[in-house]
Amino acid sequence: MISVNDLKKRYGNIHALKGVTLDIDDKVTSIIGRNGAGKTTFIRILSTQLKPTSGSVKINDLDINKDVQKIRKIILSIPQEAQPVGIMTPLEHLELYLLARGYSLSDARKEGRYALEELEMRDFENVPCDELSGGMKRKVFVAMALASRVEIVFLDEPTTGLDPLSRMEVWNSIRKLDSNIILTTHYMEEASELSDKVVVFSEGKVVSRGTVDELLEPFKDKVRVEKTDGEEYDVKIGKLSIKYVPKHMAQEYLSRGYDVKNITLDDLFISRGITLES
Amino acid sequence: MTFSYLGGLRLNLRFILVFAYNYGLKFIKRGPSYLIASLALPLSLLFLIFIISGGKLLPYAIIGGVLSIVTSNAINGAADAAFFRLQIRFQDLFVASPLTKMDYMAALTASYFVFSLPGIVLYVALGFIFHILNLLKLIVLIIVIILITLSFTNLAFIIAGLLRHIRNVWGITAILSIIATVLTPTFYPYFIIPRDFLLILLISPITPASIFLQGYFGLAPYEPISIPILIIETIALMILGNIFIRWRE
Ligand SMILES: Nc1ncnc2c1ncn2[C@@H]1O[C@H](COP(=O)(O)OP(=O)(O)OP(=O)(O)O)[C@@H](O)[C@H]1O
Ligand SMILES: [Mg+2]
Numbered sequence: 000m001i002s003v004n005d006l007k008k009r010y011g012n013i014h015a016l017k018g019v020t021l022d023i024d025d026k027v028t029s030i031i032g033r034n035g036a037g038k039t040t041f042i043r044i045l046s047t048q049l050k051p052t053s054g055s056v057k058i059n060d061l062d063i064n065k066d067v068q069k070i071r072k073i074i075l076s077i078p079q080e081a082q083p084v085g086i087m088t089p090l091e092h093l094e095l096y097l098l099a100r101g102y103s104l105s106d107a108r109k110e111g112r113y114a115l116e117e118l119e120m121r122d123f124e125n126v127p128c129d130e131l132s133g134g135m136k137r138k139v140f141v142a143m144a145l146a147s148r149v150e151i152v153f154l155d156e157p158t159t160g161l162d163p164l165s166r167m168e169v170w171n172s173i174r175k176l177d178s179n180i181i182l183t184t185h186y187m188e189e190a191s192e193l194s195d196k197v198v199v200f201s202e203g204k205v206v207s208r209g210t211v212d213e214l215l216e217p218f219k220d221k222v223r224v225e226k227t228d229g230e231e232y233d234v235k236i237g238k239l240s241i242k243y244v245p246k247h248m249a250q251e252y253l254s255r256g257y258d259v260k261n262i263t264l265d266d267l268f269i270s271r272g273i274t275l276e277s
Numbered sequence: 000m001t002f003s004y005l006g007g008l009r010l011n012l013r014f015i016l017v018f019a020y021n022y023g024l025k026f027i028k029r030g031p032s033y034l035i036a037s038l039a040l041p042l043s044l045l046f047l048i049f050i051i052s053g054g055k056l057l058p059y060a061i062i063g064g065v066l067s068i069v070t071s072n073a074i075n076g077a078a079d080a081a082f083f084r085l086q087i088r089f090q091d092l093f094v095a096s097p098l099t100k101m102d103y104m105a106a107l108t109a110s111y112f113v114f115s116l117p118g119i120v121l122y123v124a125l126g127f128i129f130h131i132l133n134l135l136k137l138i139v140l141i142i143v144i145i146l147i148t149l150s151f152t153n154l155a156f157i158i159a160g161l162l163r164h165i166r167n168v169w170g171i172t173a174i175l176s177i178i179a180t181v182l183t184p185t186f187y188p189y190f191i192i193p194r195d196f197l198l199i200l201l202i203s204p205i206t207p208a209s210i211f212l213q214g215y216f217g218l219a220p221y222e223p224i225s226i227p228i229l230i231i232e233t234i235a236l237m238i239l240g241n242i243f244i245r246w247r248e
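If you read the sequences in order, they're chains A and B.
By numbering that gives the first Met the number 0, the letter at position 101 of the first sequence is numbered 100, and the numbering carries on one by one without gaps.
By numbering that gives the first Met the number 0, the letter at position 27 of the second sequence is numbered 26, and the numbering carries on one by one without gaps.
Honestly, the hints are just simulated from the structure, not real lab data.
Note that the Cβ used here is the ideal one computed from N, Cα and C, for glycine as well.
Warning: the hint list may mix true and false statements.
Pairwise CB distance ranges (calculated) [what the hints assert, rightly or not]:
1. B:Glu248 x A:Asp129: 23 to 33 Å
2. A:Ser270 x B:Pro31: 54 to 64 Å
3. A:Gln79 x B:Leu239: 24 to 34 Å
4. A:Glu119 x B:Pro227: 55 to 65 Å
5. B:Glu248 x A:Met248: 33 to 43 Å
6. A:Glu150 x B:Ile177: 29 to 39 Å
7. B:Leu239 x A:Tyr10: 16 to 26 Å
8. A:Val67 x B:Ile177: 32 to 42 Å
Within a straight-line C-alpha distance of at most 27 Å, the following computed BS3-like cross-link-like pairs (lysine-lysine) qualify [claimed, not checked]:
9. B:Lys25 x A:Lys50
10. A:Lys136 x B:Lys100
11. A:Lys226 x A:Lys242
12. A:Lys246 x A:Lys235
13. B:Lys25 x A:Lys136
14. B:Lys100 x A:Lys69
15. A:Lys238 x A:Lys221
16. B:Lys55 x A:Lys109
17. A:Lys65 x B:Lys100
18. B:Lys28 x A:Lys109
19. A:Lys72 x B:Lys100
20. A:Lys226 x A:Lys260
21. A:Lys7 x B:Lys100
22. A:Lys136 x B:Lys28
23. B:Lys100 x A:Lys57
So here's chain A without its partners, still in its complex pose (with noise of 0.2 Å):
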């Protein structure tokens, strides 16, 4: 369980959070928004990485600025853009995460082989990583996240730069974790996937949360339909009219040479004339 109150970033001149108020007790809880909206900062908060300028933290009641020690043992966090030592292997990477979790030798390696066995990726354990995929390289440390089986891992931005069918494989491997997961993401496809609740950040701070369903229930029953230079919208983006119109209306849009979507998360940025760049 984690508890955020009122909490602010500022670096220099730029207010990175502006006071961000939020109960995560979720399993999965994702996190979205624009690039800047503030989701590493908060991460990198919430993880130790970073002191945060006013506000408060608990992590299952331990104090982010008190008990820095004691939550370090809990958490496990994976940044955004980590990328594994071309010259280590996967089993290497897991070795020393684990030995730096204070694991002995022995169970860092059983655990660790266990963790690249639960992934599909024994056969690579002794490859170096600068010979492995993106979609594996993430893998490894999923697989740190798997072997540590801490309470709390984040992840910023996991799937970022894959292809569709490795991103699949990355999400296959999260769901193995028995953990409470944070993540970020900017794929909505991604959040709907995973995620029991859905956070969005907007320029430091919490526009709305709630389920998938809660978060679209404003375009329930609805379609979206688009158009270049259309001449009817809600918004427009560049030259693309957009405009949401009840379901039993699409055929007749359709008709009059407008593209027909469904909802999907996107349409929460979609909706206020901004759209989510990936």
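Using the hints, position chain B with the ligands against chain A.
Chain B with the ligands alone, transformed into the frame defined by chain A:
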């Protein structure tokens, strides 16, 4: 989950040793060109000094060579430390874990030391072959090597911590390596440069280390004051390295 104690300081020795092995030793095995590159400058200088001085200044080239190998490997560690912190986010991975800052720094330091080992062995062998070393002198030399490794790896942590981008790190380390090992009296007798200039060069721990070793090996006047200077500089750099590594920002 047992940890080892070292001077009252709780260190995760298993992590440190396995890191030194996995990273330091495997680097030698899997990327040997870098090792050869790190030996190229001191060995070339050894050759030049030998030819030009007709063998007379060989002891300087050997003592200087071993110090310069250790120093430049430790300074180049800044590139690793910066790469780990800024590029592959390896440091952050460990920040959010029970590993302490001391463990991490000790592990990197140990891996640079391992990386210097082939060079150290080569030079120690040369030292015995040319009758410059005996067992006692070897022990003293190793203590100095350890102090120099500690000094310059902490300098590396300071550089890595100050950088906001990785792009400059190779340039900075190359310049510092040259300043620290070629400019200072590493390969030449310390008494031939003007006293004032020597005082300035004392900023680099390799200067008091060289002054001490040249004196101790009977190549130059013995200046015991160089010992406390070296120790104080090492401690100062360790304190600064601890601050600048930016464990929890
Ligand atoms: N070390 C830093 N120094 C200065 N400004 C920073 C630093 N880190 C982040 N910022 C700024 O803080 C804001 C929030 O950044 P953050 O990385 O938390 O966003 P994000 O939601 O993770 O973005 P992305 O989706 O691109 O990863 C941005 O405006 C960013 O430029
Ligand atoms: Mg981010």
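Verification of the hints:
{"no.": "1", "hint": "B:Glu248 x A:Asp129: 23 to 33 Å", "result": "holds, 28 Å"}
{"no.": "2", "hint": "A:Ser270 x B:Pro31: 54 to 64 Å", "result": "holds, 58 Å"}
{"no.": "3", "hint": "A:Gln79 x B:Leu239: 24 to 34 Å", "result": "holds, 29 Å"}
{"no.": "4", "hint": "A:Glu119 x B:Pro227: 55 to 65 Å", "result": "holds, 59 Å"}
{"no.": "5", "hint": "B:Glu248 x A:Met248: 33 to 43 Å", "result": "violated, 52 Å"}
{"no.": "6", "hint": "A:Glu150 x B:Ile177: 29 to 39 Å", "result": "violated, 50 Å"}
{"no.": "7", "hint": "B:Leu239 x A:Tyr10: 16 to 26 Å", "result": "holds, 23 Å"}
{"no.": "8", "hint": "A:Val67 x B:Ile177: 32 to 42 Å", "result": "holds, 40 Å"}
{"no.": "9", "hint": "B:Lys25 x A:Lys50", "result": "violated, 35 Å"}
{"no.": "10", "hint": "A:Lys136 x B:Lys100", "result": "holds, 25 Å"}
{"no.": "11", "hint": "A:Lys226 x A:Lys242", "result": "holds, 9 Å"}
{"no.": "12", "hint": "A:Lys246 x A:Lys235", "result": "holds, 20 Å"}
{"no.": "13", "hint": "B:Lys25 x A:Lys136", "result": "holds, 19 Å"}
{"no.": "14", "hint": "B:Lys100 x A:Lys69", "result": "holds, 15 Å"}
{"no.": "15", "hint": "A:Lys238 x A:Lys221", "result": "holds, 22 Å"}
{"no.": "16", "hint": "B:Lys55 x A:Lys109", "result": "violated, 57 Å"}
{"no.": "17", "hint": "A:Lys65 x B:Lys100", "result": "holds, 17 Å"}
{"no.": "18", "hint": "B:Lys28 x A:Lys109", "result": "holds, 25 Å"}
{"no.": "19", "hint": "A:Lys72 x B:Lys100", "result": "holds, 15 Å"}
{"no.": "20", "hint": "A:Lys226 x A:Lys260", "result": "holds, 11 Å"}
{"no.": "21", "hint": "A:Lys7 x B:Lys100", "result": "holds, 26 Å"}
{"no.": "22", "hint": "A:Lys136 x B:Lys28", "result": "holds, 22 Å"}
{"no.": "23", "hint": "B:Lys100 x A:Lys57", "result": "holds, 23 Å"}
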